[in-house]
Amino acid sequence: MNKDEIFAAWAPDASIWSQWTKPVLFAHLDVEGTASDQTASPGDLNWCPAVENKVAIVVDLAGAESVWLGIALAERGYRPVPLFNAIPLPGGHPVLDPFTGRKVAAVDVLPTLGALRPGAERLARLPIAAAAPPAFLLDHHRQGDGRAMLPDEFDNRSVCFTTDFPSANFLLAHGIQGALLVQKARSDLSADLTHVLRSWQQGNVSLKFVRVDSPAPPVRLEIPKPPWYGTMFQRAFMAFGLHRARGGGFGAWMPGSSAGG
Amino acid sequence: MTITCLDELRAQTSAACPVPVGGLWAGNSLDPGSFAALRRRVMLDGCKWDVQVGDTTALAPFPLVMKRSVWNQLATHAEALTAEAAAAEQEIVKRPELLRLLGLPPRLQAVLSDHEPLTPAAGRVIRFDFHFTTEGWRISEANSDVPGGFSEASHFTGLMAGHFPHLEPAGNPAESWCRVLAASAGVGGQVAFLSAPPLLEDHQVNAFLAANLRVYGCRTCLAKPEQIQWHNGVAYLATNSYRGPLDLVVRFYQAEWLPNLPRSNGWRCFFRGGRTPVANPPLSVISESKRFPLTWKHLSIPLPTWRRLLPEVREPHDISLFNHPEWLLKTAYCNNGEDVCIRELMTPLQWWHAKLSSRFAPHKWLAQRRFQSSPVPTPLGPRHVCIGIYTVNGSAAGAYARLSQTAVTDYAAVDVALLIDQNE
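Chains as they are written, first to last, in the numbering used here: chain A, 1 to 261; chain B, 1001 to 1424.
Hints were generated in silico from the structure; no laboratory data involved.
Fair warning: this is a prediction, and the values are worked out from it, not measured in the lab.
Every residue, glycine too, gets a C-beta built ideally from N, C-alpha and C.
Don't take every hint at face value.
[To be verified] Derived contacts from chain A toward chain B, CB cut-off under 8 angstroms, selection only:
(1) Met-1
(2) Lys-3
(3) Glu-5
(4) Lys-22
(5) Val-24
(6) Phe-26
(7) His-140
(8) Glu-153
(9) Ser-167
(10) Phe-209
(11) Ser-214
[Claimed, not checked] Looking from chain B toward chain A, a few residues come up when the C-beta cut is under 7 angstroms (computed):
(12) Trp-1049
(13) Gln-1052
(14) Val-1053
(15) Gly-1054
(16) Gly-1136
(17) His-1203
Make a model of the complete structure from these sequences and hints.
Listed below in structure tokens is the structure:
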């Protein structure tokens, strides 16, 4: 399959959720060394709601794991929607340092790229309904894998914004009344995803959480209001002319994008 | 809340709206299959990776058509604005009392006031944002330092033009700009494109320009400013993918952020004392300031085109202005519409924040007289139009057009291809 066919398999025109698919990794599928024969077992999926329940799933696992769980969910009738934002090294640069052999980017997207191609072949064979509920796929390591980034690494860390997802209004308008967050440990809930889920919660989309490595069933998830000091600092930042995080965030500061300019 | 998704967009966009407003009208929508294919090409080949913003699809399935005579007029204006801005910058940089008016970070102001030679420029690209108003064409601002939108203005617009044989793009700004950059770097030259992680919308601008520049035989890499080190005026990149001297540095990173880098990084060489060419030039930060008009009355040059096209700008000292509906507030270095404050488009709390901010830091804010944008009928309904006209080394080079539901063009605006009618 070429990158067009792979993208078409992951984001078919017939699905209303396809428009949220992030194209950046698909645009780089011609990078050498992205093919992978490896697959990962998603394990027990007893926690997975039936598609008739109209629940949106948010998969927040390490890149390739997220892809393979997306495929498993597709086999159960969900429409996987890749939301991987990290850019690989463009321009044909090697992804490994030729001298040291270590990876040259903060976020290693090769396993994810390697899974998207065989994943597309499996997806293309699945009869997923046009109205299938979505399973949004995130790379849990999008902001790095926890180690200190080396100064000479390509900084392809990324965050997800509320604007990377459909709004609560849109979900509700299409019959989706609940969302299930799938992670390995709840303590890993990152600030960017917190904003997304809280915006859904405020829009009356009920939230649940499940640990994919635990036999426990999904539990109710409530995203608390940001602490008072977070709100205060956000307001102070605005008052003193600093930027609020794009997409309605709080707590994290980053330079505003230049892209509108 | 308005929900504008692909299916609904397709349902709304069946007919053209050939009612010209300011010599502009909406063309026919592509059929859904053709538009989906075009959208895919833009994403996979054109480095346009933010085609969906929340519930809004960021690409219009129809072009905006402009009369050739109107384009010629606007292009002439843009070229005059460029020449006047360059002349004003040369005068302002020699007068520290005028630099102080711009709202620059103090450390950058100090560097610009210095007498060390300016770092050479590889070229100059500016984008002037034109709006059709009840008083004719006006500009809201100049994106003088780090203009974006190249993929939309070049690749997307070119693909859309392929569906309309009687129409043509106003130009290809990415190609024009890369030709200039390639001439500076030379064949085989090593070029670093700088942006701030983790902003994908900034990465994509650099990725697109880098891909276009490689066509000219240049070698490119993407990096962040912290990875540039200046030694004896030469820029070096220290990354795992490339380690060594650079022939050219292209910033998609705003000049006013550079003073936040460690002094050891040698960031002042982006402005003065550098020998490696940088794009855009160091002085572009002067006309990038939305407070640039506050210097005009002190200049020896008249700036007639700027005075005619840019609405009046004042200091935000007079609080009574803020409550006046004819004025808006914006920050000196706002760049994506989020810092444009119009009272009627904000909640009382947001407006209060803006007023408070401008009182705490008046030198970073300005009041600008509002104009009444005339919406253009489109298949999506009436839309305010922003036509961003690029000049590359002083010559008009194409346009980045956006449609907005409100008078503010911000991240929720929809990109539309501007095509020129040849049969006028």
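Verification of the hints:
1. Met-1: It is violated, given that the least Cβ distance between Met-1 (chain A) and chain B is near 13 angstroms, above 8 angstroms.
2. Lys-3: 6 angstroms, holds
3. Glu-5: 11 angstroms, violated
4. Lys-22: Hint holds; Lys-22 (chain A) Cβ to chain B Cβ min 7 angstroms, cut 8 angstroms.
5. Val-24: This interface hint holds because 4 angstroms falls under the 8 angstroms limit.
6. Phe-26: This interface hint holds because 6 angstroms falls under the 8 angstroms limit.
7. His-140: Result: violated, 15 angstroms to nearest chain B Cβ.
8. Glu-153: Holds, about 6 angstroms.
9. Ser-167: 5 angstroms, holds
10. Phe-209: The hint is violated - Phe-209 (chain A) has no Cβ within 8 angstroms of chain B, the shortest such distance being about 24 angstroms.
11. Ser-214: 30 angstroms, violated
12. Trp-1049: Constraint on Trp-1049 (chain B) satisfied, holds at 4 angstroms.
13. Gln-1052: Nearest chain A Cβ about 5 angstroms off; hint holds.
14. Val-1053: Holds, because the Cβ-Cβ distance from Val-1053 (chain B) to chain A comes to roughly 5 angstroms (cut-off 7 angstroms).
15. Gly-1054: Since chain A brings a Cβ to about 4 angstroms from Gly-1054 (chain B), closer than 7 angstroms, the hint holds.
16. Gly-1136: 25 angstroms, violated
17. His-1203: 5 angstroms, holds
Checked against the numbered hints above, the structure violates hints 1, 3, 7, 10, 11 and 16; every other hint is satisfied.
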